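Trainee: From just these sequences and the hints, can you work out the full model?
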Amino acid sequence: MIHMSGISKIYSNGSVALSDVSVGIEKGDFVFVVGPSGAGKSTFIKLIFREELPSSGKLTVNGRSVVDLLPAEVPYLRRGLGIVFQDYRLLPNKTVYENVAFAMEVIEAPRREIQKRVNHVLDLVGLRHKIRTYPTQLSGGEQQRVAIARAIVNSPMVVIADEPTGNLDPDTSWEIMKIFERINKVGTTIVMATHDKPVVDAMKKRVIAIEKGCIVRDQDGGAYGYED
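Just so you know, we're using our numbering here: the sequence shown kicks off at 1 and counts up by one.
None of these hints come from the bench; they were simulated from the model.
Heads up, some of the hints might be wrong.
[Unchecked claim] For each label pair, taking beta carbons as the anchor points, the in silico distance ranges come out as: (1) G187 with E73: 21 to 29 Å; (2) D201 with Y76: 36 to 44 Å; (3) K27 with Q137: 32 to 40 Å; (4) R217 with I107: 35 to 43 Å; (5) T60 with N93: 33 to 41 Å; (6) R128 with R64: 28 to 36 Å; (7) R182 with E73: 29 to 37 Å; (8) I10 with K185: 34 to 42 Å; (9) V186 with I107: 15 to 23 Å.
As the structure is a computational prediction, the values presented were derived from the model and not from experiment.
Even glycine gets a Cβ: it sits at the ideal position worked out from N, Cα and C.
Mentor: What follows is the structure, given as structure tokens:
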């Protein structure tokens, strides 16, 4: 699914975000990416959906060489990915239903299929009763659940999450993680950058630890390993 070989990322100011990273993430994996602030976690995540390009190395995602993609091909790469951010990134002038449906409208899915899928994923995240509600009328946890529904409505093979519980209280964080776990159980690969130590320690998934741009630990059933 995701294969990095000798990946390095050096920014224009000379900052080294990643250095000679090689890793493979396969179908159905649930991977936490952890490490101190500034270690390179967000860069690792951004490379996967080509928000950033590596300075060197090879990267394939869902069989596509991310490095060799033309700009016009990037949207097609992202159609196979679901992306969840810490700040939700919902459209404030659209309802819950419209926010989720928008992800299918941009790929010109049939209207009947949109309605079926949107209702299904809103059931999955427990928000079917909020379809006519606007983001400003929702709690942070509800907004994140809408963001997850939007990320999975097109049945992506991989869901990428960058600090999805960073703005949430502990109880709400657990609700969100249970949704991710359900998504993973049906075969979707999850790659999540996080500082949420209690969640990582309790869930005992694969943990990739990054320090100073290098992978220092790759462990199945791993723990967080840091005191943030």
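Trainee: For which of the previously enumerated hints does the structure constitute a violation, in increasing order of number?
Mentor: none
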